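Following the hints, complete the assembly by docking chain B onto the known chain A.
Number of protein chains: 2
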Amino acid sequence: MTIYNFGAGPAVLPREVLLEAQAELLDFRGCGMSIMEISHRGSLFQNLYEEIESDFRMLLSIPSTYRVLFMQGGATAQFAIVPINLLRGKRQADYVVTGEWGQKAVSEAARFCTVRYAADMQPSGFDDVPDVIETDPSSAYLHYTSNETIRGIEFKAIPEAQGLPLVCDMSSNILSRPVDITRFGLVYAGAQKNIGPSGLTLVVVREDLMGEVLPQQSRLFDYRQVASQKSMLNTPPTFAIYMAGLVFRWLKRQGGLVAMQCLNERKAKKLYDYIDSSSLYVCRVKARARSCMNVAFYLRDELLNSRFLSDAEKAGLMQLRGHKLAGGMRASIYNAMPEEGVDALVAFMTEFERLNG
Amino acid sequence: MTIYNFGAGPAVLPREVLLEAQAELLDFRGCGMSIMEISHRGSLFQNLYEEIESDFRMLLSIPSTYRVLFMQGGATAQFAIVPINLLRGKRQADYVVTGEWGQKAVSEAARFCTVRYAADMQPSGFDDVPDVIETDPSSAYLHYTSNETIRGIEFKAIPEAQGLPLVCDMSSNILSRPVDITRFGLVYAGAQKNIGPSGLTLVVVREDLMGEVLPQQSRLFDYRQVASQKSMLNTPPTFAIYMAGLVFRWLKRQGGLVAMQCLNERKAKKLYDYIDSSSLYVCRVKARARSCMNVAFYLRDELLNSRFLSDAEKAGLMQLRGHKLAGGMRASIYNAMPEEGVDALVAFMTEFERLNG
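As they're listed, the protein sequences go chains A and B. Once you know that position 129 of the first sequence is 129 in the numbering used here, the rest is easy, because the numbers rise by one and skip nothing. Once you know that position 343 of the second sequence is 343 in the numbering used here, the rest is easy, because the numbers rise by one and skip nothing.
Only chain A is shown next, with the shape it has when bound in the complex (with noise of 0.2 angstroms):
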């Protein structure tokens, strides 16, 4: 039986990727050693770092003026690392808020600035991208988070930042379709959606942002210190840098973020267009703002919550439980997640109706 992983991350990895990663987990490149085994200051892992990295920005089209740099700790690590470094002296930032991943970035940034909200979806249940930001020019930057795995709110344009560095937890949408980098200060992203495993975090920073850092942090949260020793003033993590860069190579070979971006938008609108055309599945947000990259929905009879999940199961459809705050269901369709995987899930769902609606 064939798995679709449906999780909305840790998530799903191409599977040639995996299997690449299988082929010279014991043997990298013909060292005769794991690439878990040798020495970030070497040259081949050098020479591996140099690739990536250049994959990476050629993926992004990322220009010479920005920084990537690869630390650890995820965004929530960034929800603190960001201020630290970004407020420069100010004591406020404005913070636009679509789901419960941003609450926990201004929850985060609350302990060293003020908070001001320039959008707040929350007060109408999380379901829309807002109509109006409103910044305040005296804020330190304009921080949003471009898709909310949660209840499935994505952007689908780049909010206009008003003279601000705009921000961005980009974790659960980077490289699902092309982005104009130019836009932003800075972009952060959790590796382990559409990246590779969990423990990464690449942020891109744009050069005159660096340099002004709270007093009494540590070394390692310092972007200007961090991008001054290529992101090895500690021992990096390896191997998922190595599987970041298997994914980049694997996206390069499909297209790149245009071909992805078509893709995808292909693969949600199947699953939207048949949630919207039943009488037993409903999808709670706008269409404007419904995610390419996680599908919240709920079945109108909740009752038949277990029997949905683990007949799906059978079926070899996993990890579609929604999250606890948001109850229900969701099918997170990250770059890995092939069409096959969403014409399953329409076809088992549809059969699911025919039987219990």
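It should be emphasised that the hints constitute simulated quantities derived from the structure, not laboratory data. Incorrect hints may appear among the rest.
Copies of the same chain look alike in the list, so a pair counts if it works inside one copy or between any two.
[Unchecked claim] Result set (DSS-like, lysine-lysine): computed pairs, CA atoms no more than 25 angstroms apart in a straight line:
#, residue 1, residue 2
1, K286, K104
2, K314, K252
3, K314, K104
4, K104, K230
5, K324, K230
6, K156, K270
7, K270, K314
8, K286, K314
9, K156, K269
10, K104, K269
11, K286, K156
12, K252, K90
Since this is a predicted model, take the numbers as computed values, not measurements.
Positioned in the frame of chain A, the structure of chain B alone reads:
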């Protein structure tokens, strides 16, 4: 040709462990998904995590009054996280410095408090452990590095903490022999020597020491919060934790830490005895402080260095170059280095001396 990898870290892993990981890389325990692809909050990973913590506790006989934390950022992150948590209102900490890693710990701690040297071996060039450690009762804790990888300096006994909580950076000799955890307030270790791949840090902390943290720090740096969420405040590095678990089970199959100590001492003795008996090689570390993990040595004729390294690689003996701060050679012979590897190195060194001595 059999390859033996003497790198200091990320270092050799047990071949059996790599083969196990390879075999189930696409299908963890029959679930049809890779260990890298499953949710850290699902029962599959949660059960694995419980097993791994339990094996680690058993190997080190960790009492229930200590918490085990799985963190990120390596020892370098702990250089800051330790003072952030353990100062507890005090303004000074005592440090014993026997090498470059201890110095790094000092320079990071100095961002948060006054660092007092309870012993500093730099003036004598880092070739020994101190005879005397003098603490100040007003210090918050006493920190030392149980094994210094760069010059191969190891404490054979736990220093007397003189009433202060004893904190140990055990990154490079943890799990190499039994150790009385009750002597410590806190032990930390980056994984990439005796535990698993880089990107994971283990912390063992006495419960009563947690909870009084400096203000304006990342929530991820608060031991009490990390402990209360069972190390899942953020997405943990699941693959690295899984690999650590395979290593712990391998250690149990080897007979645990008593068996490892016996093997490690035998391996180290073979190498040091041969070096002492030769006229080409010399070890500059005092006998009582010679590391069982990192054997640092020099060729009396340094002009032979590059020939030694290239001939060694041709013989399958990899990553023997000494750290750039120390020069010379370094054979790291962690748990996963089989005795045959040391035999092969001694045989190679003997033949090299015969030809070039």
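So which of the earlier hints does this model not fit?
2, 3, 8, 10, 12
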